[in-house]
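Novice: Residue numbers (numbering that gives the first Met the number 0), protein chains in the order written: chain R, 0 to 658; chain A, 0 to 658.
In short, the hints are calculated from the structure, not lab data.
A few of these clues could be false.
Since the list gives no way to pick out one identical chain from another, each pair is judged satisfied if it fits inside one copy or across any two copies.
Stated by the list, open to error - List of simulated lysine-lysine pairs, DSS-like, C-alpha gap at most 30 Å:
1) 120 x 652
2) 88 x 649
3) 212 x 634
4) 657 x 64
5) 652 x 64
6) 485 x 590
Protein chains: 2
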Amino acid sequence: MNPDIRRERENASFNTQILTNILDGGAEKTRRRREIEALVINDPDFQHDDLNFMSRSERYDAAVKKSAQMILKLRDYGISDPEEIYFYKRVVRGNFHEAFGLHYTMFLPTLYSQCTPEQHKKWLPLAENFQAIGTYAQTELGHGTHIRRLETTATFDPSTQEFVINSPTVSSIKWWPGGLGKTSNHAIVLAQLYTLGKCHGLHAFIVPIRCMKTHQPLPGVTVGDIGPKFGFDEVDNGYLKLDNIRIPRENMLMKYAKVEPDGTYLKPPSDKLTYGTMVFIRSMIVGESAKALSKSCTISIRYSAVRHQSELRPGEPEPQILDYQAQQYKLFPLLATAYAFTFVGQYMSNMYHRITGDINQGDFSELPELHALAAGLKAFTTWNANTGIEVCRMACGGHGYSRSSSLPDIYVTFTATCTYEGENTVMMLQTARYLVKSYRQAREGQQLSGIVSYLNEPQRVQPHPVSSRPTVVNINDLSSLVEAYKLRAAKLVEMAAKSLQGELQHRKSQEDAWNNSSIELVRASDAHCHYVVVKLFAAKLSEVSDTAVHSVLNTLALLYALHGVALNSGDFLQAGLLNVPQLGQVTQRIKALLAEIRPNAVALVDAFDYRDEMLNSVLGRYDGNVYESMFEWAKRSPLNRTEVHDSYYKYLKPLQSKL
Amino acid sequence: MNPDIRRERENASFNTQILTNILDGGAEKTRRRREIEALVINDPDFQHDDLNFMSRSERYDAAVKKSAQMILKLRDYGISDPEEIYFYKRVVRGNFHEAFGLHYTMFLPTLYSQCTPEQHKKWLPLAENFQAIGTYAQTELGHGTHIRRLETTATFDPSTQEFVINSPTVSSIKWWPGGLGKTSNHAIVLAQLYTLGKCHGLHAFIVPIRCMKTHQPLPGVTVGDIGPKFGFDEVDNGYLKLDNIRIPRENMLMKYAKVEPDGTYLKPPSDKLTYGTMVFIRSMIVGESAKALSKSCTISIRYSAVRHQSELRPGEPEPQILDYQAQQYKLFPLLATAYAFTFVGQYMSNMYHRITGDINQGDFSELPELHALAAGLKAFTTWNANTGIEVCRMACGGHGYSRSSSLPDIYVTFTATCTYEGENTVMMLQTARYLVKSYRQAREGQQLSGIVSYLNEPQRVQPHPVSSRPTVVNINDLSSLVEAYKLRAAKLVEMAAKSLQGELQHRKSQEDAWNNSSIELVRASDAHCHYVVVKLFAAKLSEVSDTAVHSVLNTLALLYALHGVALNSGDFLQAGLLNVPQLGQVTQRIKALLAEIRPNAVALVDAFDYRDEMLNSVLGRYDGNVYESMFEWAKRSPLNRTEVHDSYYKYLKPLQSKL
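Chain R extracted, bound-state conformation (with noise of 0.2 Å):
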């Protein structure tokens, strides 16, 4: 082992081991969790070169033969629990996708959920299987937010007993999902209903695409690969034309609408039935934000310890890079996000758990905390460790944008999440209709309840100059500063408010006042958002009970809170949160806290005990040999299989004779 990376180790004022069964929620559950990932990392079969020296349909190939795969071997492994199914999984995909990911994660959900007892018998047996294998059809060439406006259209035809299902122009071309273009024989197709004469509006169908026997697309299916993506190479999302395709009527999911024989259509009893699976997906990418993150922060720090450049003082040796102010100051808040938001992934999970116990009890009531909630945290966290692994990604110098770091698999991998399953600034914007309906509920004397019940608060803010304001925040106390995120998200959202109150008064429709107030309602569901990690992040704290791990999580709490204060000191400074003179001591502050990470840096990644295997990055090596793997995997490069490369002979050489 690099010696610089074993005294960190050694120098560590806490026990890593006791920090990782916190994260996996006790001792034993890390021991499960590290049992079912060595079954991935010591089978032979799930060893292969590295993807990125593959072309794509290479990569498609490596991706469905693991897939398969893992499918034998959980079976054999006896394996079901879904946790332990994803502890496997996602060993398994590093750092990339699985080949029938839309297959596990939509078509079977859905055709759970959706089906009636008859299509169950019919279906699941198929699906579970995999002799149909499927995919969820619903974003278009030319509609993804704005699902209601879908142009495909599945009109029942009475006479056969068949739904027509079409796809009337280029726009209304199925595009995207995963799985569509190479790997699926089924899709659930997303359509506008037409039955009678009327459109009933979107519903979904088991369209059937390629020959279950030979594999080859239907008559009147043209469906194929979108072409290269930023990441996703391994995926093959896809495109689906549907030309005049008949479907037998027990196609239509029926479990809530139906159409009867006679064309008569049944509309479901509720619409929130199907809030569910999309409300579960956000919540699972707040903790893929934190995953994510935590992979780079690991990948950056245990270089940064190794590396050694510049000089701190003339004559001496390099120093770690980790030593550089300028390095902390990167590299340590995120750290301090990353942490941040695995406790707030975990807080979601055990949210959604809990109220989807209440909804299956027919409580809906907290359903739309949950809504907004998760809509707010999934456009907060990936956007935030978005930015973070790029960070990242810097601070690792030149090597970071060597694809032997992983770095930029990371980010081309999580990059999606900040557009999939819900736009981020349409997220925010959801989040902040519910942050502005529950401020004017208080103003009219409702009392609110949940998370957003600091709205019921009277703003301590007051209309003074801002230097004589009381100081409201103690800098060095945590709690303190939860409070100051409250008011200022407080002090957000009645601005947001106050501007579409003033938007309408300058006789503005509601629509157009809402459009008018987009900057501040987004700022308002980010500050929000911010105020609840720092609230999940501080009442984490309490259920520490190790002295030295809380002391340690206790300072990246602070640091976290700090950082965002700095950078967005304008707003604590115009809510009179914070005054001028404090704002030098957060300066203060911060680098007194960077400093007291310094010692506990690698051990604090060590912590998220990701193993090389999961990492697959030269320069986040546990044992920090850095430079050696690097030069070994250079070596393997495609280009260097031969001494001379073709074009050579091909170009250079007639070049060189021609002048």
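Since the structure of chain R is provided, determine the placement of chain A on it from the hints.
Specialist: What follows is chain A alone, placed relative to chain R:
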């Protein structure tokens, strides 16, 4: 043409052509640039399928082919003016790089500037006719920023009149030089010169690495490609390990420093002589920032004009997404930034040429300022453009993630500029060193000149409570905003200097004080650069005589300045340059400016005058026919070469039969 985008052009308030001429530096320049661009666009030899459909080896092959053709064609056309060559190459390259990049930008210029007359006679004909294809090998696996610690050695052996070049360790392997892996047969190698038992620091040596007849690596040379990267797929960035390679004494570049036959070392007359190339390249990068960002704005704004989504008013057709304030707030400040950086790039290029003239006449007086400005602005513009490209990409929704948008290509190609030719944080700290030095000189009564002369002025910022301070800014007046940016910079330079002083008073060494003030130092540089950009944008306006163009550029400049105030409101409040009520007015003013820019947005990106062939983006097409092109592009995806992918027969069918 798409009717939406046609309407946008019809409604613009100014003549696009006039603005294009301003950007080009005159109507004749525009004409000639277009003429040269057409030479490439109409040349069937340069037409090929999308590089994103190719493997890396194929892309490298295509790049070598194009570079070889380009050399012959430029000679045929008789194009030899550097600017005209640049116009030509820019179209050939598109969003990528050329195979002989370093031969042109480093190998040839180093030979020109550092060869003796005898060396010129030998090497220039070889290099100009591509018999010697060269690169510049400085960076090593373990050494980037701090070149004084490079490990490669060149030891003079008087007995044979040779230098022995050696890579003593893994970390000393040359790493990253473009064209080193496969293309070059020579490298200028930076190595520690040893003669008569003494080390004389870094010097440059011409080292043959491949046989000029067979292109095979020479004995003792280990050379290859460093493997796939985030971008630069078409470039063979390489590694080079030298095991006791002997080169004749005459292969040391001896225009300045010399080693005589008996081993006597003669040192160079000045160490400023090698500054030039570095400063030139950094100045050029400022212009590249403008280009990458203006391309990205062109794509995202055109697409936002043809993309319809969601609803502003119930029942009405989906609006253009450019009508959403949230979308305008993402894109228009970036559009303003692209214009700002374009003008800063022009300024840097002019300043470089002016000062180079002075230097050639022995006047080095302005070099330190140019050096500091180039470093800081390189960092400032690349960081901002880098973030901006990604905002543009994500503002295109899911389709921005497709390689067909070209936004991923623009990003991965551009982002490397944040690291190469001086890592950005290191650059910011270099500028800070100049600022602090200037600040101290001013405090000592010295009269500063040039761009830092504002540090002479006594700080108007008083330790008054914020509310009672005189308001400095008139937020509707550009020159008042320039003044505010200046005072903010002055304040932050002062704070950085005081932080240093404070650390020194705590008995820290100079070096530790510097390190412990990094946060303030980087902020000071950032504020200084921000001031320079706002100032130069404002200055450019005075050169514009066309009223309509002046008006729209003035709107952009105000938006650029006010958006920066809003993002850094804490600084302006802290320095008493703005008061709290004004902050609300800033937001209102920004909204008004967004609305003013809205009808001119498409015309403003049209004025950048990128031909479709240069953007290579289905979303950024001039005619706005986005969806049809996207479908056509996708059909050509390599995964669509067969209807059924091989992996079906290999894994899916067998899996289905087992379950």
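Novice: A separate judgement is required for each hint: does it hold in the structure or not?
Specialist: Tested hints:
Proximity of residue 120 to residue 652 under the C-alpha cut-off of 30 Å is restricted to the inter-copy arrangement: shortest distance 23 Å between copies versus 68 Å within a copy. Taking the closest pair of Cα atoms, residue 88 and residue 649 come within 30 Å of each other only across two copies (21 Å); inside a single copy the shortest separation is 45 Å, beyond that limit. Taking identical chains as interchangeable, the C-alpha atoms of residue 212 and residue 634 lie at most 30 Å apart only when they sit on different chains, with a minimum of 24 Å there against 43 Å within one chain. In this homomeric assembly, residue 657 and residue 64 come within 30 Å of each other (Cα to Cα) only across copies, at 14 Å, whereas the closest approach inside a single copy is 49 Å.
Proximity of residue 652 to residue 64 under the C-alpha cut-off of 30 Å is restricted to the inter-copy arrangement: shortest distance 11 Å between copies versus 42 Å within a copy. Proximity of residue 485 to residue 590 under the C-alpha cut-off of 30 Å is found in both arrangements, the shortest distances being 24 Å within a copy and 27 Å between copies.
Of the numbered hints listed earlier, not one is contradicted by the structure.
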